[in-house]
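Chains as they are written, first to last, in the UniProt record's numbering: chain A, 1 to 601; chain B, 1 to 601.
One or more of the hints may lead you astray.
Computed list of lysine-lysine pairs in DSS-like fashion (alpha-carbon distance at most 27 Å, straight line) [unchecked claim]: (1) B:K319 / A:K376; (2) A:K376 / B:K376; (3) A:K319 / B:K387; (4) B:K293 / B:K376; (5) B:K319 / A:K387; (6) B:K384 / A:K384; (7) A:K376 / B:K27.
Worth flagging that the hints you see were computed from the coordinates, not collected in a lab. Source: prediction; values computed, not measured.
Protein chains: 2
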Amino acid sequence: MAADITESVPESPWWGWAPFTPGGALKPATRAVLAERLGIDPGAEIAAPPPEPTAAELPESALDAEALGALAAAVATGAVSQGAAERMRHAAGKHTPDLIRQRSGALLAVPDAVVSPGETGEIAGVLAACVAHDIAVVPFGGGSSVVGGVTPLRGAHRAVIALDLTRLDALVELNEVDRTATFEAGIRGPALERALAERGFTLGHIPQSHQQATLGGYAATRSAGQASTGYGAIAELITALTLETPSGTLELGGRAPASAAGPDLKHLAIGSEGTIGVITTVTVAIRPRVTAKTYGAWAFPSFEAGARAIRALAQDGAKGDLPDVCRLSDEEETELTLAQSEGAPVRLLRRWLRSRGIDTPALLLGVWEGTDADTKRRHRRAAKLLKAHGAVSATTRPAEAWDRGRFSSPRLRDELLTIGVMVDTLETAASWTRLAETHRAVAEGIRGALAGGPTAADPPPAAVPAAVPAAVPAAVPAAVPVLGAGPTDPPPNAAAPALPTDPLPCAVQGHISHVYRYGASLYYTFIAAAEADPIAQYERVKAAANAAILASGATITHHHAVGTEHAAQLPAEIGELGVDVLRAVKRELDPAGIMNPGKLV
Amino acid sequence: MAADITESVPESPWWGWAPFTPGGALKPATRAVLAERLGIDPGAEIAAPPPEPTAAELPESALDAEALGALAAAVATGAVSQGAAERMRHAAGKHTPDLIRQRSGALLAVPDAVVSPGETGEIAGVLAACVAHDIAVVPFGGGSSVVGGVTPLRGAHRAVIALDLTRLDALVELNEVDRTATFEAGIRGPALERALAERGFTLGHIPQSHQQATLGGYAATRSAGQASTGYGAIAELITALTLETPSGTLELGGRAPASAAGPDLKHLAIGSEGTIGVITTVTVAIRPRVTAKTYGAWAFPSFEAGARAIRALAQDGAKGDLPDVCRLSDEEETELTLAQSEGAPVRLLRRWLRSRGIDTPALLLGVWEGTDADTKRRHRRAAKLLKAHGAVSATTRPAEAWDRGRFSSPRLRDELLTIGVMVDTLETAASWTRLAETHRAVAEGIRGALAGGPTAADPPPAAVPAAVPAAVPAAVPAAVPVLGAGPTDPPPNAAAPALPTDPLPCAVQGHISHVYRYGASLYYTFIAAAEADPIAQYERVKAAANAAILASGATITHHHAVGTEHAAQLPAEIGELGVDVLRAVKRELDPAGIMNPGKLV
């Protein structure tokens, strides 16, 4: 059974991606891998999250009666809330430092109010009220940003509100002739797919955040779904959108499938992260509902050999042969995946691969979606080309297992963070030419940073709140010793303690998950015992990864977006002049600077 | 034999798309069609163009010695020319009103000098000199704009130069692993394809202007090639570009095949028409050189039936089954095409189609490009689907004939304009839902405007120079009487003279030539006897077509761009606020406003 993409999950803003499960969802095999391979003893039970703050503990709202009145008048069919639970629920997205702070019991900054329009037509009035009363506006959809995109920063303004868009969740129009659907921007992934499925269609944009994220959030962050290799990323799926700005309404696109009427301004709104206006409706290209999936998995002798094969498939395969979901794990990710599924089938698989000369496999998963005849034909042709490039079949089971569990791994982060495990993901994308080098550099950068420990030469960034470390759960083990980076690029502290041979002090696993003709994404999960100051540890890893990414000429983010997390790296990515252009657009559309201050630029 | 896309044609800026051919290239069959069906007697021989103006006839350059010196210093490896021939050669693109004026002997405005950098690195210095000396800059590539995009307007500035980029024609890098190629922006279509062909690749972007246009021009105008259905339009083919602006250099794209690092600023440069900077290098995605083409042609009982069939192919066919070149002519274009090829095969074809119940066929041409096995497989599957939608095979000959003659029809315009025939093309694109209605409205708008004659209720726009009409060649026949529009939307002058039954006073033929999942382009050729004031006639037609396009909710241009021609319609297309955004970007990158004034915004 593939995961049901129309299934809603209960909201769980305080507990990451899914509601807290007493006892936790950590599989015994995962516990064993953590203990035996990484020297991390996840002995403690998954801890319940600390109680939410009470109203008395929250700072008083900075909004005066006049401002509140103006906001309430603007959302006649909606609501303005200053309740503690509502304000807390809009204090953060899923940014790991925020989750760590929340779990430590630290009080995050909260918006002064949560404004929830009941109709898209009310948003212009909200923005006007915020300009009049000097209030910063943080557009808030699913709250699934992992880069601080919804952090309630007030900038230079008197107050800050979260503009919660999730009541705006209607299907406005479904055009079966054009194969397009217009939704209000606050609709979440499962509801969107449900509305389309009822009419026989799908969007096919299913990022890992799908169960909570909203369509407007996808657009605002230039998101890519797990099947973007087949369906295209959100920028390719959007045919039109409406952007409500403090300077007025922009209706972008929608007249034609293509146009030469000047620059395509849709692309200024896509990826704008709420800094120039609020995306209120989005029109997307839709496709017939998936009636069949064909799965395939293949092993390669190395990650680089696998990457060469999927490049050949992307560049020389017939159109459509590339699977819609195309994921190539590196050797470490493959090994950790197999280790968590040990048993007779995995033993058999290992033996089969060794017999074919593959000792440290890199596993490729493919899912072809569509109709039965179509997916089988595409799969057959792709398999032939992959085998010609050294692929060895690994049955269809690993791909089926991925599809079943596609939404569960982000939940694992929440579990692990409570038992002293530092775990997070980061990502980039690079051209094929630079892919292998980028992959090595980023993985080594992360390893070096984790190995460096809290005494590393590079001091951690200053942003860590001093109050946090003490509040981290007691189960945090002592910092583990060094894992040296590869021989080509030793970390600054390579002269420090000798490398332990077993167990390894961290895991840095990578994969390709979005494939293009001229390159691919790279996605990393790093796991280590949490240090006494886990936020400093996190920031050390991110700084090393960012430096490696930029030095490799790759992009600072393929699909997580910029938010507060990558804002410092944006000038290196698009140039100071590029940032100036974004600022000029912002001055025009948001002259008072109220829109999502502190994000992107 | 398909047209050779690597073949250069001699430059012919003064004579439209190809050098003047004494005697002209008008086929007897075309003459017969004009005479018998349109009542146009192209009796006169194609006239030689009037002599080019001499230096003495040109206005004196407004550049003083100091400004000239600064320009010359900026282009150490290039040239600054004030020669009459050079200035005339940069006076206009291929905008029909300009061609009419040139052929009438009228003197067009000319730039004060032509500056031709020898290296891309010199462009920054040229822009600095122009800012310092208050000189407007018109970037000039192939000079193939049909919308006044290279008209040497000086705006509020002291002088204007044409910045000729055609010396910048190097292949900078070809990356066979990434399948990308970086070129200097001034390389023309055939030279670009030659450079790629030598290495086994193609860009596949072949607009009708290909033999003269440059890659930078493609990017600046958001161009679409004739095979864009398969290869994608230029916006999809560009992976990176460099934009030199008066405020500095923007390096856009190139780090990765996709990114979520804020809005994609490439899309601000693509379609910017020289108004914010000069595109100096462009990196494009390339594909293996075409080794086989498969052709197909089918007739449908009507244009609408054909449109339904290609929509089904675009939406429900397997990926790649849609032909790379996909053109569906309406009934009138089909009839005029067949009429120009009368003979035994066409008679046989007509009989065969009638036997299948098709009396007024709409002809679909398809070209599948790639390898032999691949194109045949795609063609076979597409043919099956098309037949299920009522297509009747019309042999492969019409598609082969189109491919042979793909560059010749624009040349016909130049011939016809000298013998009293008003002929031009215009285009739009619309969603499938609105396609048929848009097609009818635009065609009827054009017919009504041509029928209205110079005494129509709507006065022609005021921009027509009074000196021109008298200079039009003597062969211009008297204005022809009215052709009524269809019953659903009578033109304002429907109460005017009764409809003639034979011959028709004008031809308005349309086709789809770029197909997308959610809509298609619409391209029109209109032909009528030229009136005494052909520019007023042209502008009447354009005004009617523009009004019909905008009222239908379609785009004012699918691939011809904005230039001076559609600047007045841009606010209707993207909104006043959209125009404000473009202006804000321009203020940031071109604070002195020297870049291509009067175009786009």
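Here's how the hints hold up against the structure:
For the proposed pair B:K319 and A:K376, the alpha carbon gap of about 14 Å is at most 27 Å, so the pair holds. Among the hinted pairs, A:K376 with B:K376 is consistent with the structure: their alpha-carbon atoms are about 20 Å apart, no more than 27 Å. Taking the CA atoms of A:K319 and B:K387, the gap is near 22 Å; set against the 27 Å cutoff, the hint holds. The straight-line distance between the Cα atoms of B:K293 and B:K376 is roughly 8 Å, inside the 27 Å bound, and the hint therefore holds.
Under the criterion of a C-alpha separation no larger than 27 Å, the hint pairing B:K319 with A:K387 is consistent with the structure, at around 22 Å. Of the supplied pair hints, the one linking B:K384 and A:K384 holds, its CA atoms being roughly 26 Å apart against a limit of 27 Å. A C-alpha spacing of about 52 Å is found between A:K376 and B:K27, which places the hinted pair above 27 Å, so the restraint is violated.
Of the numbered hints listed earlier, the single one contradicted by the structure is hint 7.
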